[in-house]
Amino acid sequence: MRVDQPCAPRPLLDVRDLAVSFGRGDHEVKAVRGVSFHVDAGETLAIVGESGSGKSVSVLSLLRLLPHPMAWHPSGQILFKGQNLLEAPEDRLRQVRGNDIAMIFQEPLSSLNPLHSIEKQISEVLFVHKKLSRDGARSRVLDLLDLVGLSEAKARLSSLPHEFSGGQQQRIMIAMALANEPDILIADEPTTAVDVTIQAQILKLLTELQERLGMALILITHDLGIARRMAKRVCVMSHGKIVEQGAAAQVFDHPQDSYTQHLLAAEPKGLPEPPPTDSKILVETKDLRIWYPIRRGVIRRTVGHVKAVDGVTLTVREGHTVGVVGESGSGKSTLGRALIRLEASRGALRFDGQEIGALKGNDLRVLRCQMQIVFQDPFGSLSPRMSVGEIVGEGLKIHGMSNEEERHEQVGAALTEVGLEPGTMHRYPHEFSGGQRQRISIARALVLRPRFIVLDEPTSALDMSVQAQIVELLRGLQKRHNLAYLFISHDLKVVGAMAHDVVVLRGGKVIEQGPARSVIDNPKDPYTQALMSAAFELKAVESGIVAS
Amino acid sequence: MVSLPAPIASRVLGMRVTPIGQRRWANFKANRRGFWSLWVFLAVFAVTLCAEFVANEKPIILRYDDAFYMPILTSYAETTFGGEFATEADYRDPYVVQLIEANGWMIWPIIPYGNTTVAWDLPVPSPSPPDSLHWLGTDDQARDVVARLIYGFRISVVFGFVLTLVSAVIGVGAGAVQGYFGGWVDLLAQRFIEVWSSLPILYLLIILASIVEPNFWWLLGLMLLFSWMGFVGVVRAEFLKVRNFEYVRAARALGASDATIMFRHILPNAVVATITFMPFTLAGSVTVLTSLDFLGIGLPPGSASLGDLLAQGKANLQAPWLGLTGFFVIAIMLSLLTFIGEAVRDAFDPRKTFV
Chain A
1 MRVDQPCAPR PLLDVRDLAV SFGRGDHEVK AVRGVSFHVD AGETLAIVGE SGSGKSVSVL
61 SLLRLLPHPM AWHPSGQILF KGQNLLEAPE DRLRQVRGND IAMIFQEPLS SLNPLHSIEK
121 QISEVLFVHK KLSRDGARSR VLDLLDLVGL SEAKARLSSL PHEFSGGQQQ RIMIAMALAN
181 EPDILIADEP TTAVDVTIQA QILKLLTELQ ERLGMALILI THDLGIARRM AKRVCVMSHG
241 KIVEQGAAAQ VFDHPQDSYT QHLLAAEPKG LPEPPPTDSK ILVETKDLRI WYPIRRGVIR
301 RTVGHVKAVD GVTLTVREGH TVGVVGESGS GKSTLGRALI RLEASRGALR FDGQEIGALK
361 GNDLRVLRCQ MQIVFQDPFG SLSPRMSVGE IVGEGLKIHG MSNEEERHEQ VGAALTEVGL
421 EPGTMHRYPH EFSGGQRQRI SIARALVLRP RFIVLDEPTS ALDMSVQAQI VELLRGLQKR
481 HNLAYLFISH DLKVVGAMAH DVVVLRGGKV IEQGPARSVI DNPKDPYTQA LMSAAFELKA
541 VESGIVAS
Chain B
549 MVSLPAPIAS RVLGMRVTPI GQRRWANFKA NRRGFWSLWV FLAVFAVTLC AEFVANEKPI
609 ILRYDDAFYM PILTSYAETT FGGEFATEAD YRDPYVVQLI EANGWMIWPI IPYGNTTVAW
669 DLPVPSPSPP DSLHWLGTDD QARDVVARLI YGFRISVVFG FVLTLVSAVI GVGAGAVQGY
729 FGGWVDLLAQ RFIEVWSSLP ILYLLIILAS IVEPNFWWLL GLMLLFSWMG FVGVVRAEFL
789 KVRNFEYVRA ARALGASDAT IMFRHILPNA VVATITFMPF TLAGSVTVLT SLDFLGIGLP
849 PGSASLGDLL AQGKANLQAP WLGLTGFFVI AIMLSLLTFI GEAVRDAFDP RKTFV
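Going down the list, the protein sequences come from chains A and B.
Position one of the first sequence corresponds to residue 1 (our numbering), numbered consecutively onward.
Position one of the second sequence corresponds to residue 549 (our numbering), numbered consecutively onward.
Calculated from the structure, these hints are not laboratory results.
Source: prediction; values computed, not measured.
Among these hints, one or two may not hold up.
Partner residues aside, some chain A positions facing chain B, computed with beta carbon under 10 Å [unchecked claim]: (1) Leu367; (2) Cys369; (3) Met371; (4) Ile373; (5) Arg444; (6) Arg449.
By construction, the Cβ of each residue, glycine as well, lies at the ideal position given by its N, Cα and C atoms.
Required output: the full structure, derived from the provided sequences and hints.
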């Protein structure tokens, strides 16, 4: 019998050779192929990896939250305080879930029940595990909301989840997870769905709570910056295996495994190509406004306006990239759509010297060859029922620019240019990965030989290394074709790697604009400063400058 | 120059079959019950489509004086065969039969009775029970039930098909326009549909029947006025959803017109919903004509139809073969259509298509 030595205490959670498979026989998909890691009390372990690497599946199996019996474990042990959770009876597991080990998820709004007040949702855990009385539960809920820094908690107990902002929803999720003072908190991409400023606040909150409550934190993330800042130890996962683990400083500064090295090298960095200096102005706006009327009453009287974009003046030169940054709801995407006339706007809007704000019908259609857009969501932006060839060739067909044979050739050439095999044109979008789909979207925009492309968060939905590839591709295309880009993103790192000029938007208004380096390195406006420190140093700003 | 691969062209009957189409067909076949129902239904329908050659009071082909005659396609006077009258020959008349067989031969359809042929030679008063001549007996006017069944089945199914297809076209169009443009168009059209759908169809049919003699086309037109609304909801919902997708926005950025976006980008989404819905609508439409005939406000009296058979069964409870035949035929037909519908639904289920 093994005796635990006092100097080497048993880890709180010890995962040994855990494997997870979905389906059996020929259909077996090995999602996790034998991972071993441990978590000590009070420490932070980060699990990093790209999508599909098995990081979420590994931690979901800790609490047996996977769809059994479709998912099963060919091997492995999960020892929590010495007990193997994989073989524990369902009763015991229910005690562990939410009580000893709690979880928070990526998308706060879809993790909260939209029909129950937040008080009801938080106190449910208390009723189940602590058997508290109604009054006791209420005071505990208030304590918890106080702990996670939700303002005016008492007045908002009966509010429903949608009445809170994204950051507040994430705080509520954390409050729910903390309700029973768990020993381990698992955070599955807790900040992927929120803005950088809120991300910084949430991370700060998690660190503070961890110190105060002395719990262990397992942080799953694809963002290496977060892992580096938050974690003491790091596991790097790839294709269902842990390829490297160790102290965070060690892994990040001296990566041993080639995959880790590749991942670290993959962060979008570098600077955009120096632009041609004497290029002419392609797109120009002056005091551009997009106001949506708010109508009330029977006769639909206009009582006010939602000012989505309010007085934006900018110029985009050939071969240049203008980055537009701002938090969600700042009007970035609306501005981008207005520039290529997908949204009606007021104020001057010139393309190549021609006023296009009022163009209609055929004149506008002719102009559309010259300006294109690439969207964020690589899944929603390709019609699932058209082949890649049809998708890319559609613009040519609409503009009657070529017959079927030429079209076939041009589509092939466009696909080659974005780094895809021309043979892919007979396949359908669902057969491609996110990065490949984004390449298809770029090919669709490119095939018409445009001069101006609006890139609406083209990298936000992609993995880090894929982001870097797309950034590289876009830079190359810009140089080759002297393209003008409007690059919309909330990710300032990518903007730094792409943009020559930057426009900072907030509530539809320009807060700051100028050359990229000077705006990013020496922001003048306090809001821009807050944004930059949140993005690059993951620091939350205390003052009320950013939304909570 | 890049070398381009040839398109993957698998073609069936000259139409290009996409990989998705192939997977759907495989899914359809995987539902064995639906797959067999389809073949049984198609076989029965094919037979009834040739009803004139299956059940007729005229021979399919006859030989007389070294010449061939096809009485089903052309009418010949009795004098052609050496008879007395200049009117069309009655091939069931023993005298005419004798004339022809003296100088040639006749090939009869399997069932030598048309849908209106009255069997004058019944040994018992009509309706007569099933026997070797009349497999399912005769109705109260001594007409062969099998013959009437074949013709009745055909008109019911054809009516259902035409009604479903035309109302699908109208309904999908209306739903597409409402969903795509939204706003006032949608608001007004929805209110119109609410008012329109509350009109009492039955009374309109009764009024129609008192003004004109309702035939196939009159009934079809009147039913069409109301049946298209069934498709609007599902198509409208699909268009409302998809019009905000990014690929639709991307198409607009490419300069695609409204019509292109509606047909090429959004309609394929709605088509899946429509096709899934269709076999069940078809089953409903097939019974429409039956119920009108049963109530006596359908096709003119004397026409062969399933509804008429049921009405006869109700009026002649002493001849249970009438009612039972009608019941079983309708029940089996609707079951087949529903099984096919289930298989179609499986085939177009996106969760099954994309695994």
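Evaluated hints:
1. Leu367: 8 Å, holds
2. Cys369: A/Cys369 check passes; min Cβ-Cβ to chain B is 7 Å, inside 10 Å.
3. Met371: 8 Å, holds
4. Ile373: The hint holds - A/Ile373 has a Cβ within 10 Å of chain B, the shortest such distance being about 5 Å.
5. Arg444: 7 Å, holds
6. Arg449: 13 Å, violated
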